[in-house]
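K.L.:
Here the protein sequences come in this chain order: A and B. With our numbering applied, the first sequence has no gaps in its numbers, which climb one by one up to 1505 at the end. With our numbering applied, the second sequence has no gaps in its numbers, which climb one by one up to 1505 at the end.
Rather than coming from a laboratory, the hints here were simulated on the basis of the structure. From a predicted model like this one, the values you see are computed outputs, not experimental measurements. Nothing false has been slipped in among the hints.
The calculated lysine to aspartate or glutamate pairs, modelled on EDC-like cross-linking and capped at a C-alpha distance of 16 angstroms, are:
#1 A:K1117 / B:E1129
#2 B:K1126 / A:E1101
#3 A:K1417 / A:D1209
#4 B:K1275 / B:D1154
Computed spacing ranges between beta-carbons, pair by pair:
#5 B:R1425 / A:Q1277: 49 to 55 angstroms
#6 B:S1193 / A:S1328: 28 to 34 angstroms
#7 A:E1484 / B:S1328: 47 to 53 angstroms
#8 A:K1071 / B:G1359: 30 to 36 angstroms
#9 B:T1270 / A:K1322: 25 to 31 angstroms
#10 B:G1345 / A:E1325: 44 to 50 angstroms
#11 B:G1345 / A:E1402: 32 to 38 angstroms
#12 B:N1112 / A:N1227: 19 to 25 angstroms
#13 A:A1343 / B:R1432: 50 to 56 angstroms
#14 B:G1345 / A:D1354: 41 to 47 angstroms
#15 B:V1421 / A:K1263: 51 to 57 angstroms
Backbone N, C-alpha and C fix where the C-beta goes; we use that ideal spot for every residue, glycine too.
2 protein chains.
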Amino acid sequence: MAKEVTSRAENYSQWYNDLVVKADLAEQSAVRGCMVIKPYGYAIWEKMQSVLDGMFKKTGVQNAYFPLFIPKSFFSREAEHVAGFAKECAVVTHHRLMNDPDGKGVVVDPEAKLEEELIVRPTSETIIWSTYKNWIKSWRDLPILCNQWCNVVRWEMRTRLFLRTAEFLWQEGHTAHATSEEAEAKAYEMVHVYADFVRDCMALPVIVGHKSPNERFAGALDTLTIEAMMQDGKALQAGTSHFLGQNFAKSFDVQFTDKEGKLQYVWATSWGVSTRLMGALIMAHGDDNGLVLPPALAPIQIVLVPIYKTDEERSAVLAEMETLKKAFEALGHSAKVDDRDNLRPGFKFAEWELKGVPVRIAMGPRDLQNGTAEVHRRDTLEKASVPVEGIDRYVHELLDDIQKGIYVKAARFRDANIRKCDDWEEFKTEIQKGGFLLCHWDGTAETEQKIKDETKATIRCIPVDTVVCEEEGKCIYSGKPSHRRVVFAISY
Amino acid sequence: MAKEVTSRAENYSQWYNDLVVKADLAEQSAVRGCMVIKPYGYAIWEKMQSVLDGMFKKTGVQNAYFPLFIPKSFFSREAEHVAGFAKECAVVTHHRLMNDPDGKGVVVDPEAKLEEELIVRPTSETIIWSTYKNWIKSWRDLPILCNQWCNVVRWEMRTRLFLRTAEFLWQEGHTAHATSEEAEAKAYEMVHVYADFVRDCMALPVIVGHKSPNERFAGALDTLTIEAMMQDGKALQAGTSHFLGQNFAKSFDVQFTDKEGKLQYVWATSWGVSTRLMGALIMAHGDDNGLVLPPALAPIQIVLVPIYKTDEERSAVLAEMETLKKAFEALGHSAKVDDRDNLRPGFKFAEWELKGVPVRIAMGPRDLQNGTAEVHRRDTLEKASVPVEGIDRYVHELLDDIQKGIYVKAARFRDANIRKCDDWEEFKTEIQKGGFLLCHWDGTAETEQKIKDETKATIRCIPVDTVVCEEEGKCIYSGKPSHRRVVFAISY
Chain A
1014 MAKEVTSRAE NYSQWYNDLV VKADLAEQSA VRGCMVIKPY GYAIWEKMQS
1064 VLDGMFKKTG VQNAYFPLFI PKSFFSREAE HVAGFAKECA VVTHHRLMND
1114 PDGKGVVVDP EAKLEEELIV RPTSETIIWS TYKNWIKSWR DLPILCNQWC
1164 NVVRWEMRTR LFLRTAEFLW QEGHTAHATS EEAEAKAYEM VHVYADFVRD
1214 CMALPVIVGH KSPNERFAGA LDTLTIEAMM QDGKALQAGT SHFLGQNFAK
1264 SFDVQFTDKE GKLQYVWATS WGVSTRLMGA LIMAHGDDNG LVLPPALAPI
1314 QIVLVPIYKT DEERSAVLAE METLKKAFEA LGHSAKVDDR DNLRPGFKFA
1364 EWELKGVPVR IAMGPRDLQN GTAEVHRRDT LEKASVPVEG IDRYVHELLD
1414 DIQKGIYVKA ARFRDANIRK CDDWEEFKTE IQKGGFLLCH WDGTAETEQK
1464 IKDETKATIR CIPVDTVVCE EEGKCIYSGK PSHRRVVFAI SY
Chain B
1014 MAKEVTSRAE NYSQWYNDLV VKADLAEQSA VRGCMVIKPY GYAIWEKMQS
1064 VLDGMFKKTG VQNAYFPLFI PKSFFSREAE HVAGFAKECA VVTHHRLMND
1114 PDGKGVVVDP EAKLEEELIV RPTSETIIWS TYKNWIKSWR DLPILCNQWC
1164 NVVRWEMRTR LFLRTAEFLW QEGHTAHATS EEAEAKAYEM VHVYADFVRD
1214 CMALPVIVGH KSPNERFAGA LDTLTIEAMM QDGKALQAGT SHFLGQNFAK
1264 SFDVQFTDKE GKLQYVWATS WGVSTRLMGA LIMAHGDDNG LVLPPALAPI
1314 QIVLVPIYKT DEERSAVLAE METLKKAFEA LGHSAKVDDR DNLRPGFKFA
1364 EWELKGVPVR IAMGPRDLQN GTAEVHRRDT LEKASVPVEG IDRYVHELLD
1414 DIQKGIYVKA ARFRDANIRK CDDWEEFKTE IQKGGFLLCH WDGTAETEQK
1464 IKDETKATIR CIPVDTVVCE EEGKCIYSGK PSHRRVVFAI SY
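Whole structure, please, built from the sequences with the hints as guidance.
P.N.:
Below is the structure:
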């Protein structure tokens, strides 16, 4: 095999890095903390974008674009927001370079200092609400449902490709409503759009829930989250949706005249998912041979690898493969014939396994004679000899099978690693084994912090949509009464 | 009418600004020189992106993503490039804010100064070629055909919405090739992709040609351009494609082993179009009533406006309109029923004209009785009473007609305003009238500069694909011999 991948058992973290780099998804750039997303990785992100964008638009959301830069003073307007975001950020202070008077390259022109510094957006609530002020006068102007696909920058000290980078790509939705109820419903709707997307496209089950007050978005009254379990049992927050109340409307003085003619502050939500989803996809499904991509997100769903010795054999097999490729494409699938003539089939097999292509088809001269092909599915690594006659329908159904199979595997793993825990000593050992622990909590920030300090575990969410957690009990740490269990885990 | 638009005759420049703002395409933001692209404007840009992206991919190009920031030192590597781009730019010098010790908001933390300043990309040749160095070892790694859709920042002093803004959205393609011939062919191919897109989607004819050496992209050996004529006779550069030779490969030491085992520098191209295309679209086709959108780029192709007095009439007309909407959508068109009940039909008519919707359909109770509808086409402002039976096919063909009609109108205007000119005194008066002048030029930068100084006219391009310009003559300014005419105009 060309590129060795560290096994998960040996070093899960190194396995992840190997997959990202060796499967050509992304790499570190010359700029600290910023990544280059390579074509194969970007093609997966484009598929995610395309599906999500369609789902957003179905709910009435429209795309727009707001400035990359935010005046420094905007951050001071919302007190919690500045504490949460304005601290570690990229600050633009000048707008010109000049030739170095000493003759060495270019230097910043001290004359070109900005009157007010600009922050490269870490998130856009402030600039967007300063804009909404001009868009909203009456209840007839509401709701406003905007989304933007863009880059944001947060000056992270420790970065990891896709999971935590200084610059990342994301979408941020920002909605404005006439009532609290409508805004809360929108935040709830969007976190479920995320959950549906992650389940149906990424083949990954998530738990939908509220963040504890400690873990809320800076400036939010409520943060909803989707939490996914990775193969090492850690939690990964895959998307969030915030009910912002009237905080930003008040900070930027955005009021509307209601139907009764009274001035009221506008209600807000914001919600986002990012290229972090790529990290979730890789970590949830990959194996020691490489990526395992759900067909719904695979840039190449079917790869065809010819086996031959002579030029005649090569031509004959490739001709048949081009026919098959067209048949697959006619059913809406993406297929690629790997006709590189300088690589052995075994090398190609390993490479496409590393890249997670769901279905591989190999054919040689004997297959041509027999009217068969060898069909290999990436998720289970199973092979079957299949008649070429009708292979297009066979693969069509196989892809569907793989999509479902990947989900079922992830769901079984997740369910096998969620357990109730009611004893603090047990908690301390159990939590280190990975997985989610459903525990009672007294609802205080102090208890939450103490548990985090002692075990590194955090409350991932207070689940909605599940009755399993709705029961009376006593806080695992303080012993005080509790009305429902919450999800504890160690997280990315 | 709700929103008055300045007429073109009165003030063309104000007319443009009115259209951009009043048709809800874009507006100035709180950040100097940066615009907000509003949902209606962004929907047009998304259509442009979608079509262009498909055209790029058909030529083998893949999307990727490279960092927003470029280390300052990278700009010093390519001498011409630094002169062209690094001067007016956004410079990130710090990575943290802190609470103001005086208690007033936040200030830049002086402790958090970057070792090396980062430039917000004005264009990405430098960061991309520093990346390509790691991707390219052998001739088998070539060609590399990457494109990215992203934001860039150039610190413009005088900005205009879409036409010249500090931040704008664009795509930038960057390709790497084994031979000079292949790179030149790619640059040529991509400028023709742009020309085809602008002609077929934007309904706008362009002249394809080479830039004079003076007007080349900083670091290019050749710049190809598409030049469009606006209704005031000025030229607008709508897209460029550069043959970069080995300049960036040499600056970033990108070499490959060729088939003979020899080390060679890689050959490069880059090419881009931006949200400036929005400006071209508006200025080329709009009229005194507002935008005129070619159906291929209209977010709403058909708007249905009900006419009624009573609630019963309203219900009946809206029901019929919903049926029509579905019929239009079944033919692949986007349609909207304007069911707002607080606005008069006349107001709605004016609003959709302002927004450039290609087809408007009005129906009232009498139409219902007669089985007819009033169909209005935006480009010619003509109305016709059309039987509802078969109206879906009628409108389908009408949209095609409108797309062609808008192109033909623009092409006729353009052709009527291109003329040969062989006399310098005549040139000086003629050029002020607008339009393109085809003139002989002696090929020197000095002459070009003198003509610019005296008349503000520049050489827009040295056309390819046209025999009209291939003739012997004498330079209009210096009288020296010339082998072909070039295009002079005053430009945006």
